[in-house]
Amino acid sequence: SQKIEQNSEALNIQEGKTATLTCNYTNYSPAYLQWYRQDPGRGPVFLLLIRENEKEKRKERLKVTFDTTLKQSLFHITASQPADSATYLCALANQAGTALIFGKGTTLSVSS
Amino acid sequence: GAVVSQHPSWVICKSGTSVKIECRSLDFQATTMFWYRQFPKQSLMLMATSNEGSKATYEQGVEKDKFLINHASLTLSTLTVTSAHPEDSSFYICSASGGTASDTQYFGPGTRLTVL
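For the record, the sequence lines run as chains D and Z.
Start counting the first sequence at 156; every next residue gets the next number (the numbering used here).
Start counting the second sequence at 3; every next residue gets the next number (the numbering used here).
Next comes chain D alone, as it looks inside the complex (with noise of 0.2 Å):
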């Protein structure tokens, strides 16, 4: 089945540091890959989505890269801010506008 994993639940760095988290998946191939971050008690706010054929995508102090063959995506925030403190979720879609596959999140702490 369908399985997408991130990599840590929580993961905390000092403030001003880059924050890189991982995604991988298995027995899927997406057309496309987003990444989504999420406060508590609050729905997910989309970020960035980057098709799988493209490597990398950018956004203001967000980096997302795209291995089809290893199966994996990484998220990196540069320059982090106590702001960015939320929790970043992985999603997968076969097409755009489809329904998307979630994994768990990792949550992220900033401290300053």
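Hints were generated in silico from the structure; no laboratory data involved.
Model, not experiment: these values are computed from the prediction.
Treat the hints loosely; a few may be bogus.
[Claimed, not checked] So, partial list: chain D residues that the calculated Cβ filter (under 8 Å) puts toward chain Z:
no.: 1; residue: A186
no.: 2; residue: F257
no.: 3; residue: G260
[Claimed, not checked] Listed next, the in silico DSSO-like pairs over lysine-lysine satisfying Cα-Cα at most 30 Å (straight line):
no.: 4; chain 1: Z; residue 1: K66; chain 2: Z; residue 2: K43
no.: 5; chain 1: Z; residue 1: K22; chain 2: Z; residue 2: K57
no.: 6; chain 1: D; residue 1: K214; chain 2: Z; residue 2: K43
no.: 7; chain 1: Z; residue 1: K57; chain 2: D; residue 2: K158
no.: 8; chain 1: D; residue 1: K212; chain 2: D; residue 2: K172
no.: 9; chain 1: Z; residue 1: K22; chain 2: D; residue 2: K259
no.: 10; chain 1: D; residue 1: K212; chain 2: D; residue 2: K259
no.: 11; chain 1: Z; residue 1: K43; chain 2: D; residue 2: K218
no.: 12; chain 1: Z; residue 1: K68; chain 2: Z; residue 2: K43
no.: 13; chain 1: D; residue 1: K259; chain 2: D; residue 2: K214
no.: 14; chain 1: D; residue 1: K226; chain 2: Z; residue 2: K43
no.: 15; chain 1: D; residue 1: K214; chain 2: Z; residue 2: K22
no.: 16; chain 1: Z; residue 1: K43; chain 2: D; residue 2: K212
no.: 17; chain 1: Z; residue 1: K66; chain 2: D; residue 2: K158
no.: 18; chain 1: D; residue 1: K218; chain 2: D; residue 2: K259
no.: 19; chain 1: D; residue 1: K259; chain 2: Z; residue 2: K43
no.: 20; chain 1: D; residue 1: K172; chain 2: Z; residue 2: K43
no.: 21; chain 1: Z; residue 1: K66; chain 2: Z; residue 2: K16
no.: 22; chain 1: D; residue 1: K212; chain 2: D; residue 2: K226
no.: 23; chain 1: D; residue 1: K226; chain 2: D; residue 2: K259
no.: 24; chain 1: Z; residue 1: K22; chain 2: Z; residue 2: K68
no.: 25; chain 1: Z; residue 1: K16; chain 2: D; residue 2: K158
no.: 26; chain 1: D; residue 1: K226; chain 2: D; residue 2: K172
no.: 27; chain 1: Z; residue 1: K68; chain 2: Z; residue 2: K57
no.: 28; chain 1: D; residue 1: K158; chain 2: D; residue 2: K210
no.: 29; chain 1: D; residue 1: K218; chain 2: Z; residue 2: K68
no.: 30; chain 1: D; residue 1: K158; chain 2: Z; residue 2: K68
no.: 31; chain 1: Z; residue 1: K66; chain 2: D; residue 2: K259
Where a beta carbon is used, it is the ideal one built from N, C-alpha and C, also for glycine.
Fit chain Z to the given chain D structure using the hints.
Same frame as chain D, now just chain Z:
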């Protein structure tokens, strides 16, 4: 742009009663809406997919008679939890896609349901 709202944000009800949750796309036409459920420290689990004007497609293990979904317009979908029981207590989140927001799904803020 691409804003999705949900109402109510939280609800407490007695066991055996029914609860309706509304999901609205405020600035785009949502041809497809999705309903997810999330338990504490768990991932979002898809319950059903609905296309405007069509019957919803439910995921395996989700009772269609218990979780009634209606997607009567391009901006509104409703989820009704019928005869709710304590085990239905969860965080229900809708998402929408379509029109000018067809590249991905945009999520509502979620509804916390507590069944006593």
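Each hint tested on the structure:
Of the supplied interface hints, the one on D:A186 is violated, with its beta-carbon coming no nearer than about 12 Å to a beta-carbon of chain Z, more than 8 Å. Taking 8 Å as the C-beta cut-off, the interface hint given for D:F257 holds, the closest approach to chain Z being about 4 Å. The criterion of a C-beta within 8 Å of any C-beta in chain Z is met by D:G260, whose closest approach is roughly 7 Å, and the hint holds. For the given pair, Z:K66 sits about 25 Å from Z:K43 by alpha-carbon distance, which is consistent with the 30 Å threshold.
The hinted pair formed by Z:K22 and Z:K57 meets the criterion: a straight-line CA distance of about 17 Å does not exceed 30 Å. For the given pair, D:K214 sits about 27 Å from Z:K43 by alpha-carbon distance, which is consistent with the 30 Å threshold. Distance restraint check for Z:K57 and D:K158: the Cα-Cα separation of roughly 28 Å lies within the 30 Å cut-off, and the hinted pair is therefore satisfied. For the hint pairing D:K212 with D:K172, the CA-to-CA distance comes to about 20 Å; that is within 30 Å, so the pair holds.
For a cut-off of 30 Å, the pair hint linking Z:K22 to D:K259 stands: about 27 Å separates their Cα positions. The suggested pairing of D:K212 with D:K259 holds, with an alpha-carbon distance near 22 Å, which does not exceed 30 Å. Taking the CA atoms of Z:K43 and D:K218, the gap is about 25 Å. The hint holds against a cut of 30 Å. Simply put, Z:K68 and Z:K43 have alpha-carbon atoms about 24 Å apart, close enough for the 30 Å limit, and the pair holds.
Between D:K259 and D:K214, the direct Cα distance comes to roughly 23 Å. Compliance with the 30 Å bound is thereby established for this hinted pair. Between D:K226 and Z:K43, the direct Cα distance comes to roughly 24 Å. Compliance with the 30 Å bound is thereby established for this hinted pair. Among the hinted pairs, D:K214 with Z:K22 is inconsistent with the structure: their alpha-carbon atoms are about 37 Å apart, more than 30 Å. At most 30 Å may separate the alpha-carbon atoms for a hinted pair to count; Z:K43 and D:K212 meet this at roughly 28 Å.
Between Z:K66 and D:K158 the CA atoms are separated by roughly 25 Å; this keeps the pair inside 30 Å, and the hint holds. At roughly 20 Å between alpha-carbon atoms, D:K218 and D:K259 fall within 30 Å of each other, so this suggested pair holds. The straight-line distance between the Cα atoms of D:K259 and Z:K43 is roughly 7 Å, inside the 30 Å bound, and the hint therefore holds. For the proposed pair D:K172 and Z:K43, the alpha carbon gap of about 26 Å is at most 30 Å, so the pair holds.
Under the criterion of a C-alpha separation no larger than 30 Å, the hint pairing Z:K66 with Z:K16 is consistent with the structure, at around 21 Å. Restraint check for D:K212 and D:K226: the C-alpha separation of about 16 Å stays at or below 30 Å, so the hint holds. Between the alpha carbons of D:K226 and D:K259 the distance comes to roughly 17 Å, so the proposed pair stays at or under 30 Å and holds. Note on Z:K22 and Z:K68: the hinted pairing holds, with a Cα-Cα distance of about 12 Å set against a maximum of 30 Å.
Taking the CA atoms of Z:K16 and D:K158, the gap is near 36 Å; set against the 30 Å cutoff, the hint is violated. Of the supplied pair hints, the one linking D:K226 and D:K172 holds, its CA atoms being roughly 26 Å apart against a limit of 30 Å. This hinted pair checks out: Z:K68 and Z:K57 have alpha carbons roughly 15 Å apart, not beyond 30 Å. The hinted pair formed by D:K158 and D:K210 meets the criterion: a straight-line CA distance of about 21 Å does not exceed 30 Å.
At roughly 41 Å between alpha-carbon atoms, D:K218 and Z:K68 are farther apart than 30 Å, so this suggested pair is violated. For the hint linking D:K158 to Z:K68, the alpha-carbon distance of about 27 Å falls within 30 Å, and the restraint holds. Only pairs whose Cα atoms come within 30 Å are accepted, and Z:K66 paired with D:K259 is accepted, the gap being roughly 25 Å.
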